[in-house]
Amino acid sequence: DVKVTQSSRYLVKRTGEKVFLECVQDMDHENMFWYRQDPGLGLRLIYFSYDVKMKEKGDIPEGYSVSREKKERFSLILESASTNQTSMYLCASSTLQGTEAFFGQGTRLTVV
Amino acid sequence: ILNVEQSPQSLHVQEGDSTNFTCSFPSSNFYALHWYRWETAKSPEALFVMTLNGDEKKKGRISATLNTKEGYSYLYIKGSQPEDSATYLCAPDGSARQLTFGSGTQLTVLP
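These protein sequences, in sequence, are chains A and B. The working numbering puts the first residue of the first sequence at 1, with every later residue one more than the last. The working numbering puts the first residue of the second sequence at 1, with every later residue one more than the last.
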């Protein structure tokens, strides 16, 4: 079974904290994606990566950074968490462009 | 930002009804069009990935068509069942490699 695993299902952090969301895939996929999901707004792409150490901005990168030091791991970093970053975060991976993406179970982050 | 529009935003149908939704996307720099089903408390799962103009794919009672020249895709569900209740998302895959999703169509099938 293919697996995309996100490190936490639920997370509560304080405003100003540095937050790391980790995503690991075991399928040797080249592409990895981070999305956030908010009611009425669907899935919005934050960052994606198509190779180790490569990263590209998505539609809403402000306030976020990413790291991909190894092929299987893609980390989303909130440098200084703010309440407007309270959201559901989803990680996904795919092998090549034009192939289906597999999603993790999501991390519900609350910033207080 | 890639402009992906899905309609309708939400839909309620009776069990046994057939239904369809639309996904509109920019026709330039097209590579593939993805459809996903997202059930509550689960992760999105792929239904179809289509690449060719005129492509038609089917999985059980669900099928999809693709028109890359005019930039739209239709998803059809024949004889809807309560277990079809979910949000259906489409995502065009363009030359920039990013996978940008529409806001989805939320389907509720009433028994």
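No lab work stands behind these hints, which were simulated from the structure alone. All values derive from a computational prediction rather than experimental measurement. Mixed in with the good hints there might be a few duds.
Partial chain B-side listing against chain A, Cβ under 8 angstroms, derived [stated by the list, open to error]: (1) P44; (2) V49; (3) L52; (4) D55; (5) R97; (6) T100; (7) F101; (8) G102; (9) Q106.
The beta carbon of each residue, even a glycine, is placed where N, CA and C say it ideally should be.
Cross-check of the supplied hints:
1. Restraint check, B/P44 versus chain A: the minimum CB separation of about 5 angstroms is within 8 angstroms; hint holds.
2. Annotation: B/V49 was flagged as interfacial toward chain A, and the flag holds, the nearest CB pair being 5 angstroms apart, inside 8 angstroms.
3. For B/L52, the suggested interface contact is broken, since its CB lies about 11 angstroms from the closest CB of chain A, more than 8 angstroms.
4. Here the hint on B/D55 is broken, as its CB sits about 12 angstroms from the closest CB of chain A, past 8 angstroms.
5. A least Cβ separation of about 6 angstroms between B/R97 and chain A falls short of the 8 angstroms threshold, and the interface hint therefore holds.
6. Hint status for B/T100: holds, given a least beta-carbon distance of 6 angstroms to chain A, under 8 angstroms.
7. Checking B/F101 against chain A: minimum C-beta separation of about 4 angstroms stays under 8 angstroms; hint holds.
8. Look at B/G102: its Cβ gets to within about 6 angstroms of chain A, closer than 8 angstroms, so that hint holds up.
9. Residue-level restraint check for B/Q106 is violated (minimum Cβ-Cβ distance to chain A is 10 angstroms; threshold 8 angstroms).
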